[in-house]
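We have chain A already, so just place chain B on it with the hints.
Here the protein sequences come in this chain order: A and B. The C-terminal residue of the first sequence carries number 123 in my numbering, and the numbering is unbroken. The C-terminal residue of the second sequence carries number 1471 in my numbering, and the numbering is unbroken.
None of these hints come from the bench; they were simulated from the model. Quick caveat, the model's predicted, so the values are computed rather than measured. Just so it is clear, CB atoms sit at the ideal spot from N, CA and C, and this is done for glycine as well. This list has only true hints and no planted wrong ones.
List of simulated lysine to aspartate or glutamate pairs, EDC-like, C-alpha gap at most 20 Å:
(1) B:1345 with A:119
(2) A:49 with A:73
(3) B:1365 with B:1292
(4) B:1258 with A:93
(5) A:15 with B:1324
Residues from chain B shown here face chain A by an in silico Cβ test under 7 Å; the list is partial:
(6) 1278
(7) 1279
(8) 1289
(9) 1312
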Amino acid sequence: MVRLLTHNLLACHAKDCNTNNFPLQFKDVQLEIREADFNPEFLKGFMPKIDWKALVDTARQLGDTSLPLEQPEMVDDEFLKNLHHILLEIHVEEGSMTCPNCGHVYPISNGIPNMLLAEHEIG
Amino acid sequence: MPLRYLFHFAQVHHEFRLPELQSISELHGISYKLPNEAKDRDPRRPFMVVELESEEDARILARRCILIKAIYEFYAQGSTYEEVHEVNRQNEHLWKRYIEDTSFRFLITSSHHKIPQSRQREVIESFAYMDFRGKIDMKNPDILLMCFEEYDDKPGTTLERHEGDGKFRVVFFGRLIEEGTARQLIHKFDVKKRVYYGNTSMESEISLLMANQTLASPGKFVYDPFVGTGSMAYPTAHFGALVFGSDIDGRQMRGKQKVPGVIRAAQQYGISSHIIDLATFDITNNPWRCGELFDAIVTDPPYGVRAGAKRLGRKRELSERQRELCLQHSLSPRPDDQPYIPPTKPYELSHLAADLVLFARYLLKPGGRLVFFLPTVTDEYEEVDIYSMLCEGMEVIANSLQNFGSWGRRLVTIRKTTLKQYSPPTFEPAQPPSDEPAHIPAHKDFREKYFQGFKKSDDKTEQSSLYFVNP
Chain A
1 MVRLLTHNLL ACHAKDCNTN NFPLQFKDVQ LEIREADFNP EFLKGFMPKI DWKALVDTAR
61 QLGDTSLPLE QPEMVDDEFL KNLHHILLEI HVEEGSMTCP NCGHVYPISN GIPNMLLAEH
121 EIG
Chain B
1001 MPLRYLFHFA QVHHEFRLPE LQSISELHGI SYKLPNEAKD RDPRRPFMVV ELESEEDARI
1061 LARRCILIKA IYEFYAQGST YEEVHEVNRQ NEHLWKRYIE DTSFRFLITS SHHKIPQSRQ
1121 REVIESFAYM DFRGKIDMKN PDILLMCFEE YDDKPGTTLE RHEGDGKFRV VFFGRLIEEG
1181 TARQLIHKFD VKKRVYYGNT SMESEISLLM ANQTLASPGK FVYDPFVGTG SMAYPTAHFG
1241 ALVFGSDIDG RQMRGKQKVP GVIRAAQQYG ISSHIIDLAT FDITNNPWRC GELFDAIVTD
1301 PPYGVRAGAK RLGRKRELSE RQRELCLQHS LSPRPDDQPY IPPTKPYELS HLAADLVLFA
1361 RYLLKPGGRL VFFLPTVTDE YEEVDIYSML CEGMEVIANS LQNFGSWGRR LVTIRKTTLK
1421 QYSPPTFEPA QPPSDEPAHI PAHKDFREKY FQGFKKSDDK TEQSSLYFVN P
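Isolated chain A, as found in the complex (with noise of 0.2 Å):
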């Protein structure tokens, strides 16, 4: 668990901390790759809503390449699967994703991040 789909849509939230929150950076991650159905239609509903450099950077980092720096207009079978490989089938089990602003740790474990802030970090 903590898909790339996740990470794409979780943004530091701690009081005060509104620019460049996201994304979150992964630290000593341990993957898995796991098979899921794949379904074009939910793919094309959920492309408008991806921060595009965030999930091919954090792709990158994780080791794949197969997805352009540019989110395409026409997207082809070919795409669409290595989309779902990366949204869907990788999978970060444990680990961290730190803040890049203002350096909050939220610790993965069993594949379930903990969001929760500090007392001092709410508003």
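Relative to the frame of chain A, chain B by itself:
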């Protein structure tokens, strides 16, 4: 021309029946028409004659609606058998094609009554004019003809065996099209057979009804912000949707083994790849980067009977010195197995419900649905309680009561009707306009009312002391 079908409904959760029919029809683009007269569409009665455009639509509904036991092609109804036979003869064009060479079985049954064997034969023989020549096959007939006598339910009375036989309210007659196969899912998702559950897990039939209210289907993205042990996630994922769950308390999702409990239960049902992710956070301090992500939000918020709702924060203000100590505690390094646990405070139910609607408006795509349970005090509930928590662009489309006597819970379905984009909610208590007193819904302080047995109390001191009693 629309065709008439006889729907046999399960005699449970009657207020959920029509909303479910509406939802599944909308999901599959099916148009239907209910009977004109109120007494004929009373959801407490077992049968209803509904107009559909095709037999295929009837099959789709029977395979997905949890509350449908079976759907029949409608041949006749009447308050006497004479009436039934007269209508049935007029409808000969519907059954003529089965006369020549179709094996059949003929069944007669009733609601709230037992028909004696001798009269069952009598009734079956009275249909002899249909002159079906195919063989009678009790095991694998080509068609099943069903005659159903509806008797009035007389709760609390004990009747002699066969007492009042023949004094039925109405008789229906038709041909079976499809058994309601979705009802088997109630057993498949039975909490007792699940490898992981907790004391707040939702019973399977209700969680399936909730999943149907979300219009769950392949390609949809659904979120449960109080996912707990995942009861709503499983049926929603079973219908093909992808599910995301979050909870302020990670222990409910994780359980005690390495593989989180929710994932283990999803594996049991063969749907673990549909659980997109689980995350620990408080919805009032959430990490969502943007809105308009989900097709539906489905949840059973904690309302305090088994578990009270919590949000980050502190009940009491701290002194300067205490605050400094807490800050140092949260920043100091600690071993992995003893993570920092931030303090939480109670989250009052009416505040939570209003926040949930705002949160859903932010996170739902246009046309998306929020489906959730709201507990209410039966004697105090007013319809305005639901409407007072709405906001611009969110509209109630269903509100079904599950009645437990002095209290009950309402499954509320709200649709996002606006295309407008909203900023994330602040989760601050709403400031009522000062010139008029704000409406206080009956679900406010539900937990306190529950533990007082829903008595009306003038003694305010007793009320506040009860607040801290743990169940």
